[in-house]
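Got chain A; can you put chain B on it based on the hints?
For the record, the sequence lines run as chains A and B. First residue of the first sequence? That's 1 in our numbering, and the numbers climb one at a time after it. First residue of the second sequence? That's 1 in our numbering, and the numbers climb one at a time after it.
Accuracy of the hints is not assured; some may be wrong.
Here are the simulated BS3-like cross-link-like pairs (lysine-lysine), alpha carbons at most 30 Å apart as the crow flies [to be verified]: (1) A:K188 with B:K6; (2) B:K6 with A:K575; (3) B:K6 with A:K642; (4) A:K527 with B:K6; (5) A:K564 with B:K6; (6) A:K340 with A:K188; (7) A:K380 with A:K433; (8) A:K593 with B:K6; (9) A:K526 with A:K545; (10) A:K475 with A:K511; (11) B:K6 with A:K475; (12) A:K587 with B:K6; (13) A:K564 with A:K587; (14) B:K6 with A:K197; (15) A:K545 with B:K6; (16) A:K464 with B:K6; (17) A:K398 with A:K383; (18) A:K449 with B:K6; (19) A:K511 with B:K6; (20) B:K6 with A:K131; (21) B:K6 with A:K437.
Per the computed footprint, the stretches of chain B lying under chain A, defined by three or more beta-carbons under 8 Å from a beta-carbon of chain A, are [unchecked claim]: (22) 2-16; (23) 21-34.
Please keep in mind that the hints were generated in silico from the structure rather than gathered at the bench. The structure displayed is predicted, hence computed values, not measured ones. Note that the Cβ used here is the ideal one computed from N, Cα and C, for glycine as well.
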Amino acid sequence: TNFGIHNIKDGEYTQTIYTMIKEQRYAEAIQVLNRIIISHPNSRAALSLLAYCHYATQDFASSAHFYDTLTQICPDDAQYKLHHAQALYQACMYEDALRVTSQIENPDLQLQVTKLRAAIKYGEEDLAGAKGLVDSCPSDDPDTDINLGCLLFKEGRYDDALQKFTQALQVIGFDAHLSYNAALCHFKLKEYTVAQKYIANIIERGIRDHPELSVGMATEGIEVRSVGNTLTLHDTALVEAFNLKAAIEYQLKNFEAAQEALTDMPPRSEEELDAVTLHNQALMNIEAKTTEGFEKLQFLLQQNPFPPETFGNLLLLYCKYEYFDLAADVLAENAHLTYKYLTPYLFDFLDALIMQQTSPEDAYNKFDELASKHTETLRKLTKQVQEARQSQDDEMVKKAVTDYEDVLERYVPVLMAQAKIYWDMENYQQVEKIFRKSVEFCNDNDTWKLNVAHVLFMQENKFKEATGFYEPIVKKHYDKILNVSAIVLANLCVSYIMTSQNEEAEELMRKIEKEEEQLAYEDPDKKVFHLCIVNLVIGTLYCAKGNYEFGISRIIRSLEPFHKKLGVDTWFYAKRCFLSLIENLAKQVIVAKDSFLEECVQFLEQCEAYGENVKTIVDQPIEDIQINWGQKTVAFEARHLKALLLRLQITKTQ
Amino acid sequence: KYEQLKLIMPEFETPLPALQPSVFPPTFRELSVPPLELYDLDEAFSSEAARIAQVANKCGDNDLAYFI
Chain A
1 TNFGIHNIKD GEYTQTIYTM IKEQRYAEAI QVLNRIIISH PNSRAALSLL AYCHYATQDF
61 ASSAHFYDTL TQICPDDAQY KLHHAQALYQ ACMYEDALRV TSQIENPDLQ LQVTKLRAAI
121 KYGEEDLAGA KGLVDSCPSD DPDTDINLGC LLFKEGRYDD ALQKFTQALQ VIGFDAHLSY
181 NAALCHFKLK EYTVAQKYIA NIIERGIRDH PELSVGMATE GIEVRSVGNT LTLHDTALVE
241 AFNLKAAIEY QLKNFEAAQE ALTDMPPRSE EELDAVTLHN QALMNIEAKT TEGFEKLQFL
301 LQQNPFPPET FGNLLLLYCK YEYFDLAADV LAENAHLTYK YLTPYLFDFL DALIMQQTSP
361 EDAYNKFDEL ASKHTETLRK LTKQVQEARQ SQDDEMVKKA VTDYEDVLER YVPVLMAQAK
421 IYWDMENYQQ VEKIFRKSVE FCNDNDTWKL NVAHVLFMQE NKFKEATGFY EPIVKKHYDK
481 ILNVSAIVLA NLCVSYIMTS QNEEAEELMR KIEKEEEQLA YEDPDKKVFH LCIVNLVIGT
541 LYCAKGNYEF GISRIIRSLE PFHKKLGVDT WFYAKRCFLS LIENLAKQVI VAKDSFLEEC
601 VQFLEQCEAY GENVKTIVDQ PIEDIQINWG QKTVAFEARH LKALLLRLQI TKTQ
Chain B
1 KYEQLKLIMP EFETPLPALQ PSVFPPTFRE LSVPPLELYD LDEAFSSEAA RIAQVANKCG
61 DNDLAYFI
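The following block holds chain A by itself, in its conformation from the complex:
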């Protein structure tokens, strides 16, 4: 409470204010001191304490302001100049900080000045400048080793950097930030288990020494107040450690664990978050909180500095969500960032992807060029692996294999983007040709195998071959069949049916049904659409072949029970079959029994009843056109289809 703060009695100033500082109630101390400074504008005591309290809450810009005033009041005290420069450095105001350090002439402070100048140069990414200064520091000072380690790290020499850090750890013992540095090197060397050990140690210490930082409480669902950006938080390196933990889990594709690492972090309010945490929150929750994620990344791009990954990630996410125009705008508006933040590969890839919207042909050629560069490298690396194996150089084999995998990981997106251009044109023969050319590199790649299966399937005369690709995917997960995507299961059923293996299709469907029932028993609220989609695909197949009575009955079955199965996608495919039925009835290509049409009408009435709140188009996270949502519901469209069917029946009886 603020009670009593307003009127500190004479004779109680020292006790009251220093107690607040001791108990880390900096905000209150600042409030009191702010009032005092009005009547004592040049009080050294007030200015010094304000500078200190702002520093302790990591409000470095304000702290710098007060140290600046102190240097004017006490021009002979060089310490204040050093603190002024230090606060400016912490506030990332590097130029000002350097300027102030150059005014410090006191010989006793020279080592500290040199260390600070090195840190400023490091912050500015002037690595050569930083190196020069660090080299002039005493070599037996562990600080020197640590700083050299940081510089080696920036050069990508992670092994050498790690050596410096472990050397320093042996001298000074546990230090949260130093342990973080070591963990970071192991992360870059992809030695995730060791990195995780260091992180666990940092977190354990943090929890033990500072239970007030509420580690893990937000994840447990306990409502917690912000712990603020205090020096204590900074000293524990917990924010750094939890972000690294999240990054490791993200690289290992353990996305839930990554999100959890972020919520385990000591809680702060959103405006208190640092740029790295904000970036990772946006990235790791993008699917659940898409709009928010885009807002955060766009906000970060306006900050200085921002995490270097922000630019590439924002562009890739725009493309993922098909906002190619936005991606093009951001790329054009930030031409100055491209060279610094995008690898040539990422730039070329994004450029081609965006170009595809206006000129598929140019984009195709660009992807082709990129693809041949990659295949060339892959061939070279294959040769290297073979040579290393022959000379039995294990170290060399390991390195060549890792390099090969890295290049392959960059090649697959290029290959698929290129193939997608023909896929969109429904030129499946060409897609198949592209895949044949890449078989030597990709035959173990899951995405490649899946797309090959799809492209064989869509040609409608290669169901046997398609089965050969779909089957292993399903067999691999036979114990947990609902982990296989529904469309794969559906297409395998269709492939079975089209090659007269109806029993296999039926067996597979029974298996899916059984697992869905089991799941419904364990978790009644969980929505599953696998059998529904299988029935939709098979129903569509029969309708497309003109067997509407059987096809539509499948479609109807697929959507039961309506309150669970009616959704944007399922309705989209059901509706297509009804439209086709109505079209062929109207053209009198087919005739239908009254009982069948009656069944259709009844089905549409059910859709009307359950589809009041089911939309027929998906909400877009970023949208500026107005949509009449009343007309974009399943109920509205079902009523429309019913009207069409009834009109056909009336015409027939007249």
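Same frame as chain A, but now just chain B:
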């Protein structure tokens, strides 16, 4: 857009280059935090009357001339 009913087209998988998580760069050594300076705040901030009283209390008879 009009088109004849045909098989449901599966989604062609087009993976994007991997998104990159962010990490803090390795921590450079920092200077120690500026010290907390100790002041007698009662002397510095007390009201004028209180300060006069304080000084008066410290004064003996011999300081009278100085005090005035």
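Outcome of the hint check:
Of the supplied pair hints, the one linking K188 of chain A and K6 of chain B is violated, its CA atoms being roughly 49 Å apart against a limit of 30 Å. About 13 Å separates the Cα atoms of K6 of chain B and K575 of chain A, which keeps this hinted pair within 30 Å; it holds. Note on K6 of chain B and K642 of chain A: the hinted pairing holds, with a Cα-Cα distance of about 22 Å set against a maximum of 30 Å. Note on K527 of chain A and K6 of chain B: the hinted pairing holds, with a Cα-Cα distance of about 27 Å set against a maximum of 30 Å.
Only pairs whose Cα atoms come within 30 Å are accepted, and K564 of chain A paired with K6 of chain B is accepted, the gap being roughly 26 Å. Pair hint K340 of chain A plus K188 of chain A holds up; C-alpha atoms about 20 Å apart against a cutoff of 30 Å. In summary, the hint linking K380 of chain A to K433 of chain A is supported, as the alpha carbons are separated by about 23 Å, within the 30 Å threshold. A C-alpha spacing of about 23 Å is found between K593 of chain A and K6 of chain B, which places the hinted pair at or below 30 Å, so the restraint holds.
Between K526 of chain A and K545 of chain A, the direct Cα distance comes to roughly 34 Å. Violation of the 30 Å bound is thereby established for this hinted pair. Distance check on the hinted pair: K475 of chain A and K511 of chain A sit about 12 Å apart at the alpha-carbon level, within 30 Å; holds. For the proposed pair K6 of chain B and K475 of chain A, the alpha carbon gap of about 27 Å is at most 30 Å, so the pair holds. About 18 Å separates the Cα atoms of K587 of chain A and K6 of chain B, which keeps this hinted pair within 30 Å; it holds.
With a CA separation close to 35 Å, the supplied pair K564 of chain A and K587 of chain A exceeds the 30 Å bound. Proximity of K6 of chain B to K197 of chain A is assessed by CA-CA distance (about 55 Å); at most 30 Å being required, the pair is judged violated. A C-alpha spacing of about 8 Å is found between K545 of chain A and K6 of chain B, which places the hinted pair at or below 30 Å, so the restraint holds. Distance restraint check for K464 of chain A and K6 of chain B: the Cα-Cα separation of roughly 19 Å lies within the 30 Å cut-off, and the hinted pair is therefore satisfied.
With a CA separation close to 14 Å, the supplied pair K398 of chain A and K383 of chain A stays within the 30 Å bound. Only pairs whose Cα atoms come within 30 Å are accepted, and K449 of chain A paired with K6 of chain B is accepted, the gap being roughly 23 Å. With a CA separation close to 27 Å, the supplied pair K511 of chain A and K6 of chain B stays within the 30 Å bound. With a C-alpha separation of about 66 Å, the suggested pair K6 of chain B and K131 of chain A falls outside the 30 Å cut-off, and the hint is violated.
In summary, the hint linking K6 of chain B to K437 of chain A is supported, as the alpha carbons are separated by about 29 Å, within the 30 Å threshold. Residues of the region 2-16 of chain B lying with their CB closer than 8 Å to a CB of chain A number 13, which satisfies the three-residue condition for coverage. By the rule of at least three residues with a Cβ nearer than 8 Å to a Cβ of chain A, the coverage given for the region 21-34 of chain B holds, with 13 such residues.
Consistency note: the structure conflicts with the earlier hints numbered 1, 9, 13, 14 and 20.
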